[in-house]
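There are 2 protein chains.
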Amino acid sequence: MSKESAKKLSTESYKGVRDFYPEDMFIENYIFNTWRKIAESFGYEEYNASILEPTELYRGKTSDEIVNEQTYTFRDRGDREVTLRPEMTPTVARMVAGKMRDLAFPLRWYSIPNVFRYEQPQRGRLREHWQLNADIFGSSSVDADIEIITLAYHIMKAFGAKDEDFVIKINNRKIFDDLAKKHGLTPEKKTALLRIVDKKDKMPAKEFQQKLDDLIEWSFDLNIPESSDITEIRLRLAELGIKNTIFDIGIARGFDYYTGTVFEVFDTEPKNKRSLFGGGRYDNLTENFGGDRVPAVGFGVGDVTIRDFLETHDLLPEYSSPAHLYIGKAGEVGNKKIQELAWKLRESGIHVAVDISDKKVGDQVKLAVKQRVLFVIIVGEEELARGTYKIKKLKDSTETELEENKLAEYILKNL
Amino acid sequence: MSKESAKKLSTESYKGVRDFYPEDMFIENYIFNTWRKIAESFGYEEYNASILEPTELYRGKTSDEIVNEQTYTFRDRGDREVTLRPEMTPTVARMVAGKMRDLAFPLRWYSIPNVFRYEQPQRGRLREHWQLNADIFGSSSVDADIEIITLAYHIMKAFGAKDEDFVIKINNRKIFDDLAKKHGLTPEKKTALLRIVDKKDKMPAKEFQQKLDDLIEWSFDLNIPESSDITEIRLRLAELGIKNTIFDIGIARGFDYYTGTVFEVFDTEPKNKRSLFGGGRYDNLTENFGGDRVPAVGFGVGDVTIRDFLETHDLLPEYSSPAHLYIGKAGEVGNKKIQELAWKLRESGIHVAVDISDKKVGDQVKLAVKQRVLFVIIVGEEELARGTYKIKKLKDSTETELEENKLAEYILKNL
Chain A
100 MSKESAKKLS TESYKGVRDF YPEDMFIENY IFNTWRKIAE SFGYEEYNAS ILEPTELYRG
160 KTSDEIVNEQ TYTFRDRGDR EVTLRPEMTP TVARMVAGKM RDLAFPLRWY SIPNVFRYEQ
220 PQRGRLREHW QLNADIFGSS SVDADIEIIT LAYHIMKAFG AKDEDFVIKI NNRKIFDDLA
280 KKHGLTPEKK TALLRIVDKK DKMPAKEFQQ KLDDLIEWSF DLNIPESSDI TEIRLRLAEL
340 GIKNTIFDIG IARGFDYYTG TVFEVFDTEP KNKRSLFGGG RYDNLTENFG GDRVPAVGFG
400 VGDVTIRDFL ETHDLLPEYS SPAHLYIGKA GEVGNKKIQE LAWKLRESGI HVAVDISDKK
460 VGDQVKLAVK QRVLFVIIVG EEELARGTYK IKKLKDSTET ELEENKLAEY ILKNL
Chain B
100 MSKESAKKLS TESYKGVRDF YPEDMFIENY IFNTWRKIAE SFGYEEYNAS ILEPTELYRG
160 KTSDEIVNEQ TYTFRDRGDR EVTLRPEMTP TVARMVAGKM RDLAFPLRWY SIPNVFRYEQ
220 PQRGRLREHW QLNADIFGSS SVDADIEIIT LAYHIMKAFG AKDEDFVIKI NNRKIFDDLA
280 KKHGLTPEKK TALLRIVDKK DKMPAKEFQQ KLDDLIEWSF DLNIPESSDI TEIRLRLAEL
340 GIKNTIFDIG IARGFDYYTG TVFEVFDTEP KNKRSLFGGG RYDNLTENFG GDRVPAVGFG
400 VGDVTIRDFL ETHDLLPEYS SPAHLYIGKA GEVGNKKIQE LAWKLRESGI HVAVDISDKK
460 VGDQVKLAVK QRVLFVIIVG EEELARGTYK IKKLKDSTET ELEENKLAEY ILKNL
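Those protein sequences? They're chains A and B, same order as listed. Numbered according to our numbering, the first sequence terminates at residue 514, and the numbering increases by one at each position without gaps. Numbered according to our numbering, the second sequence terminates at residue 514, and the numbering increases by one at each position without gaps.
Just chain A, same shape as in the assembly:
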């Protein structure tokens, strides 16, 4: 062993990120598959890109706080400035702008990227998380806004959430544009106003008022009536059975690029009362690449948030092993015959793990139980000669004796 490896290595992961042991990965896959299922049921096509992006992609686009303080940015060995993507929207705008002439708009696209933020890790905030991004490109119709919110709603429902478990808060950036125009706010002051309003619920009412007073000379009206765009969206959503929506002037969203409808999904559970995720319309982002303006609307929802939500509402799925059947070995039984049996079952769609532990029969069964396999059979010369097998369902210890050609059917029926 070399000198370096004589020093004991830590088994800890890097700070603020997660290891996914099979039980955790099972939940991740449940979340990803639910996202995927609903997005594809609406006809969304999947795309992806590298986590590495030229840093210039984010300068002046995302919020400055994120780029300057919260990204992983470094120089590669060729002195290029590289950033681990902190969000997916600039990447997808780059991709859409890059193939503008070849794409058949309006596009429905989704992706499940991991994104990176250099933050102090805390509940619901890690340095790396995965998120579903779903977007429509090339439609400025309110139909697109409605579809995106509908998709967000059905994702919550697919996780088992009831209508009363969450509320969709809707706003429109144009309300701020109108205010800025009316009161002659500079773009910088408008951005500052958005930031304060966006963080309204994270500070005491008094502090919020103080910040407003420091910034603007007029009185900001928290009870401003909803705009006609928002009324139309909420009415048409209600028509489709989506009634857990409200207008909230406090929904501003952290990113600078939004231009119209913005929304956030909130947990209504008092213990977990917070924004789960959100999105909105951003019609100008592709212009940064020098091409045409492609109107867009979309949202992003994270795995950490959804997992917290599922835990809070007792909606987490129970772990089940990918192995349906464990084949144990009794005595000196020929490997060839066991492997042939295993392969036949695999071809019928059964996931089969064959014992390689060399343990005693009883210990092989214990191992199958510990690995949470669903069924076990023990194969010895006797079983092979007879052509029948005692199959044990490990959940309730029921045993059934079956001929070889009945095994697959029995397992598939009892999965």
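These are calculated hints, taken from the structure and not from any lab test. Just so it is clear, the structure is predicted and the values come from calculations on it, not from any experiment. All C-beta atoms, glycine included, are put in the ideal place defined by N, C-alpha and C.
Cβ-Cβ distance ranges computed for the label pairs, FRET-style:
| # | chain 1 | residue 1 | chain 2 | residue 2 | range |
| --- | --- | --- | --- | --- | --- |
| 1 | A | Asn504 | B | Asn132 | 25 to 31 Å |
| 2 | A | Asp413 | B | Gln219 | 51 to 57 Å |
| 3 | B | Ala337 | A | Ser447 | 20 to 26 Å |
| 4 | A | Asp413 | B | Asn132 | 28 to 34 Å |
| 5 | A | Lys370 | B | Tyr418 | 43 to 49 Å |
| 6 | A | Ala203 | B | Asn132 | 22 to 28 Å |
Take a look, some chain A residues computed to stay more than 12 Å from chain B by CB distance:
| # | residue |
| --- | --- |
| 7 | Lys299 |
| 8 | Lys310 |
| 9 | Ser327 |
| 10 | Asp328 |
| 11 | Thr330 |
| 12 | Thr411 |
| 13 | Pro416 |
| 14 | Gly479 |
| 15 | Leu483 |
| 16 | Glu498 |
| 17 | Glu508 |
Mind docking chain B on chain A? Use the hints.
This is chain B only, laid out in the frame that chain A set:
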């Protein structure tokens, strides 16, 4: 618009990585799903981890060339040295070592991570690629070596490869250990010998011989007979119908951590004759974490390599859109009824995209064709009143008139 964003941004990705537009993502998903299907059919459980790892995980473990010249390594804002994982094996060894007491050995684990190398991009070599890693932990039995090679074989078969399309070359690191012992080689000289042998096929025979002569004083025998371990593995694989294996002393593998069986899968197509992927036994890696020794055997196979193989052998799948049905709108038809129809079909398992383009009927159909949706119906007041729809199969333009409650069945039957 701010000053920064006035500068036109490039639509190019970072050098040496890929954008996955839906057509490319479709192939990626085909590759990932095939890996996943075969790994799970053998009972392998999926795990994952962050791409960010403490740099110390790789020092003195992976090959020095990789750590010092080919990793993405940087300091985070908290001055921690971080590396984007160049391979998955150190990560999984860390995870196994970290929960040694809780895990039920032998484990069968797989993952589909992306990994990073700072290299000059060239065919088959990019700076980021995805790979399947499949490993057995906690078995030193030759059964485990055989299962891992069997899994690699069935993955190739699942992609449509025929036995004559590839060959599995097998070797054993112990042959080098024996040579080192016999000739009194230092560990450094043994590693240097492995490196030369591993690159044998990448240099002219004369250069290879010169390098050997410079390193060792005895004559390295390329025709050394296969060891009894290798014979056993090859015979038992042949028994299972896996006959495209050979012994090859030239298979050494680039990583230092292998301790026993090593293997590589080669394309036999003359135009693409090269190593596709490989793996082997590494019994000492968990010891670096100060815990017990956990014997392990596994392999990794990359998406770029597999895609090249599929292209070369004409095995790439044809793109099909996730949207099964496109619902177009004729005239001023109520959105509510169309959305209700779409949702009913989605609940029957049909993926439905509803028109949001506001184009004319003919152009809506053209759009559906361009997006490669499979079926289209146009809904107007007439169709809604009648309750029947003309469904058009876009592939061959056949039209069928069906009642609403027959649509889902028809589509599912014709997918």
